[in-house]
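Now for the letters of each chain:
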Amino acid sequence: MNKKTLTFGVLIVLGVLIVIFGISMISGYNTLVKQEVDVDGKFANIDIALAERHTLIGQTVATVTGLQEHAEDIYEMITDARAAYAEAKANNDIEGLVEADLLESLAMSELYALVVVEDNPNISAAPAFMQLIDSISSTEGELAYARWLYNKSVEDYNKSVRLFPRVIFANMVGFDKEKTFWLIGDEMTEVPPIDFGND
Amino acid sequence: MILVGCKSTDFPRPTREFYVNDFAHALTEATKHNIVQKGETLYDLTKDYEGNGGAQIVFITILVESVTQIAEYNIKKSEIFTQYKIGKNDMGLLVLLFFMEENEELNYIGLLTDSGWQMKIYLPSSKQGQIADSTIESNPDLEMGIAHFLHELLKVICLEAYDFEEFDDFDEEGYQEYFDTYVPDDSYDDLSMGLLIYLLSPYSSIEDKLWILIPFILSILLGGGFVINKGGGGISSGAGIFRRRR
Chain F
1 MNKKTLTFGV LIVLGVLIVI FGISMISGYN TLVKQEVDVD GKFANIDIAL AERHTLIGQT
61 VATVTGLQEH AEDIYEMITD ARAAYAEAKA NNDIEGLVEA DLLESLAMSE LYALVVVEDN
121 PNISAAPAFM QLIDSISSTE GELAYARWLY NKSVEDYNKS VRLFPRVIFA NMVGFDKEKT
181 FWLIGDEMTE VPPIDFGND
Chain B
1 MILVGCKSTD FPRPTREFYV NDFAHALTEA TKHNIVQKGE TLYDLTKDYE GNGGAQIVFI
61 TILVESVTQI AEYNIKKSEI FTQYKIGKND MGLLVLLFFM EENEELNYIG LLTDSGWQMK
121 IYLPSSKQGQ IADSTIESNP DLEMGIAHFL HELLKVICLE AYDFEEFDDF DEEGYQEYFD
181 TYVPDDSYDD LSMGLLIYLL SPYSSIEDKL WILIPFILSI LLGGGFVINK GGGGISSGAG
241 IFRRRR
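Residue numbers (my numbering), protein chains in the order written: chain F, 1 to 199; chain B, 1 to 246.
Incorrect hints may have been included.
Calculated lysine-lysine pairs in the PhoX-like style (CA-CA distance at most 25 angstroms, straight line) [stated by the list, open to error]:
#: 1; chain 1: B; residue 1: K85; chain 2: F; residue 2: K152
#: 2; chain 1: F; residue 1: K4; chain 2: F; residue 2: K42
#: 3; chain 1: B; residue 1: K209; chain 2: B; residue 2: K85
#: 4; chain 1: F; residue 1: K34; chain 2: B; residue 2: K230
#: 5; chain 1: F; residue 1: K177; chain 2: F; residue 2: K152
#: 6; chain 1: B; residue 1: K209; chain 2: B; residue 2: K32
#: 7; chain 1: F; residue 1: K177; chain 2: F; residue 2: K159
#: 8; chain 1: B; residue 1: K76; chain 2: B; residue 2: K32
#: 9; chain 1: B; residue 1: K155; chain 2: B; residue 2: K209
#: 10; chain 1: B; residue 1: K230; chain 2: B; residue 2: K47
#: 11; chain 1: F; residue 1: K152; chain 2: F; residue 2: K34
#: 12; chain 1: B; residue 1: K76; chain 2: F; residue 2: K42
#: 13; chain 1: F; residue 1: K3; chain 2: F; residue 2: K152
#: 14; chain 1: B; residue 1: K127; chain 2: B; residue 2: K209
#: 15; chain 1: B; residue 1: K32; chain 2: F; residue 2: K152
#: 16; chain 1: B; residue 1: K155; chain 2: B; residue 2: K127
#: 17; chain 1: F; residue 1: K159; chain 2: B; residue 2: K47
#: 18; chain 1: B; residue 1: K155; chain 2: F; residue 2: K42
Ranges of calculated distance between the beta carbons of each label pair, as one might list FRET restraints [claimed, not checked]:
#: 19; chain 1: B; residue 1: L159; chain 2: F; residue 2: T55; range: 43 to 49 angstroms
#: 20; chain 1: B; residue 1: Q37; chain 2: F; residue 2: K152; range: 17 to 23 angstroms
#: 21; chain 1: B; residue 1: F170; chain 2: F; residue 2: E155; range: 55 to 61 angstroms
#: 22; chain 1: B; residue 1: D180; chain 2: F; residue 2: G41; range: 33 to 39 angstroms
#: 23; chain 1: B; residue 1: D48; chain 2: F; residue 2: T65; range: 36 to 42 angstroms
#: 24; chain 1: F; residue 1: G41; chain 2: B; residue 2: E207; range: 50 to 56 angstroms
#: 25; chain 1: F; residue 1: G41; chain 2: B; residue 2: K47; range: 27 to 33 angstroms
#: 26; chain 1: F; residue 1: T65; chain 2: B; residue 2: D44; range: 34 to 40 angstroms
#: 27; chain 1: F; residue 1: N122; chain 2: B; residue 2: D48; range: 38 to 44 angstroms
Among chain F residues calculated to face chain B with C-beta under 7 angstroms, some are [said to hold, decoys possible]:
#: 28; residue: S124
#: 29; residue: D134
#: 30; residue: S135
#: 31; residue: A144
Keep in mind that the hints were calculated from the coordinates and are not lab data. For every residue, glycine included, the Cβ atom is placed at its ideal position computed from N, Cα and C.
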């Protein structure tokens, strides 16, 4: 085999390798784009459900009489939770939103227990209270599912961005090294479901 | 090819009737027939509506060992909904009925619902809760309670989503007569058994056997078998109610 043929052969092989590498890079880039868009979309679902619950909490509290006077601790718990959400939302603070998510959920559990389970004579609720509780419970279900889907999409993205050869260019072209999971707390993987069973 | 077509899931695939999946073996034949008939009618009447056509209501019964097990279905219900692809245009509603065995008897202990994205607009959770409380949750006769529950759900969907001009009130006497006189229709099972016997018979020709086998194999590969009904492609929103019998 003469030198020219050898050189030509090497160039062909190199060319093929470069094409394969190029296709792999393009494919990897597009996959990351799709996964990043998916993560953003799933986050938006959580955001919508949080906003809906926040509104419903306000409406629900308005149907309860005697809360501030006779159950100040729970009233403050609800007020603080709502304030935490509003602040986190205004500052686009994801960690703050995660914390506010848990606080609002726990606050509603306490309010339900106070109004329905404890049957405190100093606390009364309008008939609309139970309908709103159903709506909140439903939104809790939406949130649980939205969080789960979001965390799944984050897991897929985080795995994908570390794969070779994507990892080489991912950071260079502006992809995040990893996305943050929606983690409720150190010991909790999910907000405890609220038992709104009928009494 | 068959193995490539299979997909492992934790939860059983829908039955061929689709609208009722009595995995706990807790429902009577009459109740199951009522649910399937109403489900098929609802879908047939609404599937051609533009934008929100194709409503489906699917019932699943589940046997649990304790009440706390119901909480495991908090997210799983949405996975099941999406697996079953309930409702066209996201106009689906999934109803999970939970049963527990006590003293060799199956007792109803609670329900969870899950709505498609569009269904929850017409049948919000507050409405679902009101309907559940006034029907299945307040009637000691479960069979009548389920029938009433389904009837009221259908009423709201038809009047709110599809602008039906009217919808009859629940006729308890009529349903009682139906339950008392219902005779199961086994004609579909008879046909399947008849085809199988003919397939195995030495009197059927090779050509006849192929004409029976080829569609059957194709239906397994492409559609999961001979199904009567199937999901319209809907996705869960996660929204729904929870009720526990106390």
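Hints, one by one, checked against the model:
| no. | hint | verdict |
| --- | --- | --- |
| 1 | B:K85 - F:K152 | holds, 20 angstroms |
| 2 | F:K4 - F:K42 | violated, 57 angstroms |
| 3 | B:K209 - B:K85 | violated, 34 angstroms |
| 4 | F:K34 - B:K230 | violated, 30 angstroms |
| 5 | F:K177 - F:K152 | holds, 16 angstroms |
| 6 | B:K209 - B:K32 | violated, 33 angstroms |
| 7 | F:K177 - F:K159 | holds, 10 angstroms |
| 8 | B:K76 - B:K32 | holds, 23 angstroms |
| 9 | B:K155 - B:K209 | violated, 47 angstroms |
| 10 | B:K230 - B:K47 | holds, 13 angstroms |
| 11 | F:K152 - F:K34 | holds, 14 angstroms |
| 12 | B:K76 - F:K42 | holds, 18 angstroms |
| 13 | F:K3 - F:K152 | violated, 55 angstroms |
| 14 | B:K127 - B:K209 | violated, 53 angstroms |
| 15 | B:K32 - F:K152 | violated, 36 angstroms |
| 16 | B:K155 - B:K127 | holds, 12 angstroms |
| 17 | F:K159 - B:K47 | violated, 41 angstroms |
| 18 | B:K155 - F:K42 | violated, 33 angstroms |
| 19 | B:L159 - F:T55: 43 to 49 angstroms | violated, 26 angstroms |
| 20 | B:Q37 - F:K152: 17 to 23 angstroms | violated, 37 angstroms |
| 21 | B:F170 - F:E155: 55 to 61 angstroms | violated, 47 angstroms |
| 22 | B:D180 - F:G41: 33 to 39 angstroms | violated, 52 angstroms |
| 23 | B:D48 - F:T65: 36 to 42 angstroms | violated, 49 angstroms |
| 24 | F:G41 - B:E207: 50 to 56 angstroms | holds, 53 angstroms |
| 25 | F:G41 - B:K47: 27 to 33 angstroms | holds, 28 angstroms |
| 26 | F:T65 - B:D44: 34 to 40 angstroms | violated, 49 angstroms |
| 27 | F:N122 - B:D48: 38 to 44 angstroms | violated, 56 angstroms |
| 28 | S124 | violated, 20 angstroms |
| 29 | D134 | holds, 4 angstroms |
| 30 | S135 | holds, 5 angstroms |
| 31 | A144 | holds, 5 angstroms |
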